[in-house]
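All chains should be modelled from the sequences, with the hints used to inform the complete structure.
The sequence shown maps to residues 1 to 251 in the working numbering.
Hints were generated in silico from the structure; no laboratory data involved. The structure displayed is predicted, hence computed values, not measured ones. Glycine included, C-beta positions come from ideal geometry on N, C-alpha and C. Among the clues, some could well be false.
Stated by the list, open to error - Quick list of the computed label-pair ranges, beta carbon to beta carbon:
| id | residue 1 | residue 2 | range |
| --- | --- | --- | --- |
| 1 | 109 | 59 | 35 to 43 Å |
| 2 | 177 | 91 | 32 to 40 Å |
| 3 | 116 | 75 | 21 to 29 Å |
| 4 | 91 | 169 | 25 to 33 Å |
| 5 | 171 | 54 | 28 to 36 Å |
| 6 | 165 | 77 | 31 to 39 Å |
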Amino acid sequence: QVDPQETVTGKPKSSSGGGGSSKGRWGPILDLIAEGESDTSGGYDAMNPGRNTKAEGKPITQMTMKQVRDMAMSSTQGTGAAGRYQIMPVYNGVNVFKQLVESVGLNYETDLFSPENQDKMAIALIEKKRKVTYDLMQKDPDEAMIRLGMEWAALPMPKSMQGHKRMVSAGQSYYAGDGKNKAGASVKEVRDAMKGIPPTVGRGSSSSIASDSSGGGVGGGGGATEKPKMSDADQIAYARGTKGCLLYTSP
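Shown next, in the form of structure tokens:
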């Protein structure tokens with residue numbers, strides 16, 4: 001199962017700004033994601049569908065995580081996906097927003113949905129959930145693109161393949177055909193962005209993915225028991241979200 005961060009708009013013509021150094025070395029990828037997800041609808045203050053909460057006088061960057069999630073859940077239109085990276089408030093009845101917040105060491109009740117904290121959350125989706133690393137981008141860029149595109153609908157698939165609803169072509173969103181999402185970047189743009197990521201980001205290969213035998217919850221609560229090594233096929237399946245439950249576990 002997958003829970004993509006949905007788009008609020010098509011590809012924009014300007015940047016939302018903000019964030020700065022909190023993007024770390026993932027800046028090229030984060031900026032490209034935002035171009036297709038939210039930049040013309042408020043960036044860090046965007047909320048699906050197409051709302052600019054700052055322009056409405058209720059900027060979500062000045063709200064606590066819980067307040068943002070409550071606002072998203074009260075929306076009568078769209079998904080309520082929030083912020084620059086369109087983070088989903090719920091998936092299959094699970095408060096995945098809170099899970100993600102807590103996975104990066106933030107307080108759901110008191111910490112703000114600030115640009116810096118939104119960057120932290122997006123990086124966790126890349127590194128912890130989708131297991132995209134520097135080595136993976138170098139050795140298997142297509143796989144890295146698929147994982148990123150399964151998380152953010154605005155990013156394209158690198159080749160023809162089975163999408164969420166139907167077969168999709170290279171350059172199309174994984175979610176093409178659902179009536180809501182389309183790619184907002186080209187394959188070349190994603191490849192160029194990945195080339196701009198320095199080797200100090202996410203060192204390690206896709207084999208660093210470990211299975212979580214606890215069956216649920218943030219971090220799994222599994223103690224110090226060594227986790228079994230997964231096959232290459234299972235590693236890809238977990239990172240793509242097609243097998244088992246994707247947890248926002250700490251590295």
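Okay, the hints, checked on the actual structure:
no.: 1; hint: 109 with 59: 35 to 43 Å; verdict: violated, 19 Å
no.: 2; hint: 177 with 91: 32 to 40 Å; verdict: violated, 20 Å
no.: 3; hint: 116 with 75: 21 to 29 Å; verdict: holds, 24 Å
no.: 4; hint: 91 with 169: 25 to 33 Å; verdict: holds, 27 Å
no.: 5; hint: 171 with 54: 28 to 36 Å; verdict: holds, 32 Å
no.: 6; hint: 165 with 77: 31 to 39 Å; verdict: violated, 21 Å
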